[in-house]
Amino acid sequence: MARLLARFAEEIFWLARYMERVENLARILDVNETFSRDARGSQNWLSIVQLHADEKRFFERHQAATPAAVIHYYVLDTENPTSIAASLKYARENARTLRPLISTEMWSHLNVFHGQVKALEPSDITRSQLSRLCSRIKESCQTHAGIVEGTFYRDEGWSFYNIGKMIERADQTTRLLDIKYHLLLPSESDVGSPLDISQWNAVLRSAAGYHAFRRVYPRGMDPGAVAGFLLFNLSFPRSFAGSAVAAEHSLTQMKSRYNLKGGNHALELFDEIRSALGTYTIEDVLRSGLHEFLDYMQRQLILVTDELGRDFFGHERAAELPPPAQVGQSQVQVSA
Amino acid sequence: MTGVLSAYEAGAFFCEMIGLGGDTAEHTRGVRERLAGLDLAALQRRAEDAERELYNLGITFTVYSEKDAIDRILPFDVIPRVLSRADWAHLEAGVIQRVTALNLFLGDVYGAGHVLRDGIIPAELVLGNANYRPEMKGLKIAHGTYVSICGIDVVRDETGAFMVLEDNARTPSGVSYVIENRNMMLRAFPDLTSDIAIRPVDNYGPKLAEAMTAIAPAGIDDPSIVLLSPGTYNSAYFEHIFLAREMGVPLVEGRDLVVIDDRVWMKTTGGLARVDVIYRRINDDFLDPEAFRPDSTLGVPGLMRAYAKGNVALANAVGTGVCDDKAVYAYMPRIIRYYLGEDPILPNVQTNICREADALAYTLDHLTELVVKPVGEAGGYGITVGPKASKEELDLCRAQLIADPANYISQPTIQLSVCPTLVDGAVEPRHVDLRPFAITGDKTWVLPGGLSRVALRRGSLIVNSSQGGGSKDTWVLA
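As they're listed, the protein sequences go chains P and B.
Here this note's numbering runs 24 ahead of the position in the first sequence, where the first position is 1.
Here this note's numbering runs 174 ahead of the position in the second sequence, where the first position is 1.
Where hints are given, some of them may not hold.
Facing chain B, according to a computed beta carbon distance under 8 Å, are these residues of chain P, among others [unchecked claim]:
no., residue
1, L28
2, A30
3, L70
4, R120
5, W131
6, Y282
7, N288
8, G338
To be clear, the hints were calculated from the coordinates, so they are not data collected in a lab.
Yeah, the Cβ is synthetic: ideal placement off N, Cα and C, and Gly gets one too.
Throw the hints in and build the complete structure from the sequences for me.
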């Protein structure tokens, strides 16, 4: 079998990331809609903008983070590169390029899914319909995942798909935690104080982790436990640690199975991530600053992506790179 | 006759389904009986399902506007065009003969040049042709196969006789539709296709891969083959995907390839990997900015150097566009006799070469009866169909002919054969042509059938997809 084209490796890596991003966004919008009907409502919608570090772009187009504005911006607005519509557009473009590599069913499903989202009108995303729409999008993403699992030929491309998916998932979990944790703890003195439980439910539900959390912590719920669960729990498929370890595992396996020389720097970065996860407890992290910890992890993931770009996707070496703003992230990367 | 053909009238044309002026086409009896068992509403419904499926499968070409990209399917008509075994045997032999002559002609033109010295064809027509590539002079081509993939456009006149309208020896497209149309018919119309022995079309990919292996540089038995595409913005991108998949080879773009020390490499996750054979779907001009258009970003700098050294094979070879020329076409019957000592099995349509004074005068005198075509264009552009043209169009055509006669040929209007076609809920006759596809490695193989293109506008003779054409599944009976 011929070697995987460098360009295809990059496209499949990002295809997986876009699809993971769509699913996460659908989860977040859905849960926000359900759990934001309280005094903090409008701030909750603003937090979605902050989650994507989109404040500047968003407020160029909208005056206030009203529910309608945020929902439109993140579902339909293809000018917003992180919206569901835009991510699906990119995913479908990549899939089209990748058709020689991916299964017909993967392509056909994504093509139809993209067509459905492209056809959405503003009247389809009113708040009363949002939850149903998000469920449909989430299920389509899960159908995609199932088709990939059931039909995608297990070669290098499959490894890059998995690495991309897991990096994106790890990244999304850090973002969710970063924004929500600080939103829910308005001042430093409040850290550790009992808070509105339903909001922590919402955080867990955004990551589909509520019931899993309950199995580990049958009683009670405090912010530290939730943050610790989402960061460290290796059995929970959407935790940061679980996703990062899965990405590392795929990379290690791929390197040995296909005898690839590249990827050593990326593995070192994963090693650093794992060592940080093994060294600190959630209590340490909260004491020394959750935001800083999450920020470090996000930066590590961006560096991993850069390394993959240089070692496998044919990007230029650092010395020949344009200014840092565009470093390595040729496709749509959410900034750290 | 009941069912979908009950109200069908073919008029004065030769009909692919019912023959000439009545129920004479014995070979289509089975299909007609099955069609009689379907009602029009059901056929319409299933046709819509079929089109939706083509869309969902992305068997589409993309039309780009400033803001948006719109996917279109090539309209697909569900009533098949059926060729008898005898008709196909005749066509197949004619196509093989023609492709053989084309390859001998190219080998001669880029080699010893006998055909020019013997005055079979005016030398300036070949050497002055925009698609003639002096870079090819003296290059050794494996098996003399310049044209590995050839599409020969064939039409049928009002008597049902086959004749060649055009040779496509550069990068003929459409074969993916032949195979996908068949897949679609087998899925959507099992009742129409069962118990009729139809020659399969699904071995095109393996046959193509076999030919690519045959033309590989000397000493390479298991060549690394790639398909070189201009990329996703090309309207035939679906076909590029399709063929790469069918052959199981990488679909690359120019930026994926690099030439080092006159050898071609592709950029992979494990570093550079050798490339031996390139099925390129990029025109000559864009292939190598060092050799041809310097502004081309689609090609691979240095590719022609590697090619000239024999380190990589290209299909089709560079410079085959000479044969696509409508002026050269006019000489094909003589070229066939010259190389093969045989009469053409498939004749040309009578062609007036307007660069010759007599032919120009004749054309100007009979403008309302003739089809006038520019010699360099592809895709049905710039054609004036005399009997259908307005006074203004005829005046414009006359002025163009006088200004630049060498740029035009004229042909009598052929009353193309028709096929019953589902149009707006009714079955009506529509004109069709046929593009059989021939693959040549060390010998020539012809895909049974080919692409039947259908002019969907009533009375239109222009079948090109860019001009409102659709396609039909083409059955060759076993």
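To see whether the hints hold, each was checked on the structure:
| no. | hint | result |
| --- | --- | --- |
| 1 | L28 | holds, 5 Å |
| 2 | A30 | holds, 5 Å |
| 3 | L70 | violated, 30 Å |
| 4 | R120 | holds, 6 Å |
| 5 | W131 | holds, 6 Å |
| 6 | Y282 | holds, 7 Å |
| 7 | N288 | violated, 14 Å |
| 8 | G338 | holds, 5 Å |
Comparing the model with each earlier hint shows violations of hints 3 and 7; every other hint is respected.
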